[in-house]
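Let the hints inform the model, and build the full structure from the sequences given.
Taking this note's numbering, the leading residue of the sequence shown gets 1191, the next gets one more, and so forth.
Simulated from the structure, these hints should not be mistaken for laboratory data. Some clues are possibly wrong.
Straight-line Cα separation of at most 27 Å, DSSO-like style, residue types lysine-lysine; simulated pairs [unchecked claim]:
#1 K1211 <-> K1303
#2 K1402 <-> K1392
#3 K1392 <-> K1229
Quick list of the computed label-pair ranges, beta carbon to beta carbon [said to hold, decoys possible]:
#4 H1226 <-> N1306: 31 to 41 Å
#5 Q1305 <-> R1495: 22 to 32 Å
#6 D1278 <-> Q1305: 13 to 23 Å
#7 C1196 <-> S1573: 14 to 24 Å
#8 T1259 <-> K1402: 15 to 25 Å
#9 E1592 <-> P1559: 32 to 42 Å
#10 K1533 <-> K1229: 18 to 28 Å
#11 C1196 <-> R1495: 28 to 38 Å
Ideal placement from N, C-alpha and C gives every residue a C-beta, glycine not left out.
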Amino acid sequence: MFEQFCQVEAFFHVRKQHGMKPGLGRIHKLLDLLNHPEKKMNAIHAAGTNGKGSTIHYLNHALMANGYTVGVFNSPSLEGLTGHILLDDARIPEKIFIHYLNKIYPFVLQLDKEQNHPTEFEIITVIAFLYFADHTDIVLVETGMGGREDTTNCFNPILSIITNVSWDHMDFLGKNIESIAYHKAGIIKENKPIIAGEMTGKATSVIAAEAKRKGAPLYLAGESFQYKITGVKGHNQTFQWHMDSDISMEAGLQAAGIHQVRNASLAIMALVLLNDKGFDLHRDNCLNGLEATRIPGRFEQIYDRPAIILDGAHNPAGVQAFTETLETSFGHAEKHLIFAAFKDKDLKRMLEKLEPYFSSVTLTTFNHPRAAGIEQLQNFSKSRHAKFQSDWRQTLRQINFERKDAFYFITGSLHFIAMVKNYVSDVWSCDN
1191 MFEQFCQVEA FFHVRKQHGM KPGLGRIHKL LDLLNHPEKK MNAIHAAGTN GKGSTIHYLN
1251 HALMANGYTV GVFNSPSLEG LTGHILLDDA RIPEKIFIHY LNKIYPFVLQ LDKEQNHPTE
1311 FEIITVIAFL YFADHTDIVL VETGMGGRED TTNCFNPILS IITNVSWDHM DFLGKNIESI
1371 AYHKAGIIKE NKPIIAGEMT GKATSVIAAE AKRKGAPLYL AGESFQYKIT GVKGHNQTFQ
1431 WHMDSDISME AGLQAAGIHQ VRNASLAIMA LVLLNDKGFD LHRDNCLNGL EATRIPGRFE
1491 QIYDRPAIIL DGAHNPAGVQ AFTETLETSF GHAEKHLIFA AFKDKDLKRM LEKLEPYFSS
1551 VTLTTFNHPR AAGIEQLQNF SKSRHAKFQS DWRQTLRQIN FERKDAFYFI TGSLHFIAMV
1611 KNYVSDVWSC DN
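Listed below in structure tokens is the structure:
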């Protein structure tokens, strides 16, 4: 059994050897042995290539503004093991994490003996569900990858959200949009509403067919509800939201980019449905919650003068949204890029989209078995300004603090920006 959190971290480090294994058999077995905590949650399930984390953050703050105790399960975490599991925006305390891990541990050992080893992510998911079953009014669950065979697809939600469908994780989800959409559509449940964002016609057809097969009411962005941007000022923007039943409202965000309006629009649709289901939601509280939302890792500024901004654009669609925001909000600024990513991503397309926007480009790597190395990045870079640095910490130390009006953007991988954020917080900010 575990007594100190350092023991917990060591356990999960070893647990990584079991890798990432799609399929739901192991987690269903664990949940069954623990008397099904997932059945004691009111929960929303969110999938999508990009935007699901942001959509959940908007929902979280709108619900909290109405007095609800809200659990959030997100992946990946920008703040270590406990960062996966939030209660009213606070990470699960280490002592409570240890308590629930000790509750699960005998059953993990049981499955290990059966050569049916639960993965690191499966164990964290079960800890989250146990915690949420004991402490929440409502839970927001983000899929890890895909949907149909994702570990989180093990409960019956109030409603589901699919933000969008684009190219990512092709080795697991398939080589075409229809296959990727099929996996996302796996979170649709019998007779439970499904909200779907803007996506290609092929993806929409797959999701609509799954919704029809399961008798799930489908609320499609652009058809069931619409938005129109009414103002943009720096990082702030306003938009008008309405649906066919003449529900209309003006919302504001402290987030740049049209993609954030899309994400917030999905959250508003979910709030309308929750209100219809008996949740006591007041419009002004919801709008105040949306406007107060700050999304970690999405155009998140972690240093001033020069500005250092993190963004988790980790696939071509994410990069497209990132560059659109660069154009609208940072068009004439002096911009520098620091980039590191996983080797199984579409590096060629990502760099092709990114590099033209920056006066300098530094490509680097980080300590992770999936991280792209310098040699691989050199093969895909076309920028004549590109520099290659194997030590990302050295790259940060080389930032020119004399250029007070410059902007340094760090992107490519959520895991990488989490490392940068922790480094700046723990060490680098103190040195400067």
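Hint by hint, here is what the structure shows:
A C-alpha spacing of about 18 Å is found between K1211 and K1303, which places the hinted pair at or below 27 Å, so the restraint holds. Among the hinted pairs, K1402 with K1392 is consistent with the structure: their alpha-carbon atoms are about 15 Å apart, no more than 27 Å. Our distance criterion of 27 Å between C-alpha atoms is broken by K1392 and K1229, whose separation comes to about 34 Å. Between H1226 and N1306 the Cβ separation comes to about 19 Å, which falls outside the hinted range of 31 to 41 Å.
Here the CB-CB span from Q1305 to R1495 is close to 56 Å, at odds with the stated 22 to 32 Å. Roughly 40 Å separates the CB atoms of D1278 and Q1305, a value that falls outside the hinted 13 to 23 Å. Between C1196 and S1573 the Cβ separation comes to about 42 Å, which falls outside the hinted range of 14 to 24 Å. Taken as a hint, the range 15 to 25 Å is violated for the pair T1259 and K1402, whose Cβ atoms sit roughly 35 Å apart.
Remark: the range hint 32 to 42 Å for E1592 to P1559 is upheld by a beta-carbon distance near 38 Å. The supplied range of 18 to 28 Å is broken by K1533 and K1229, whose beta-carbon atoms lie about 39 Å from each other. The hinted range of 28 to 38 Å is satisfied by C1196 and R1495, whose Cβ atoms lie roughly 37 Å apart.
Consistency note: the structure conflicts with the earlier hints numbered 3, 4, 5, 6, 7, 8 and 10.
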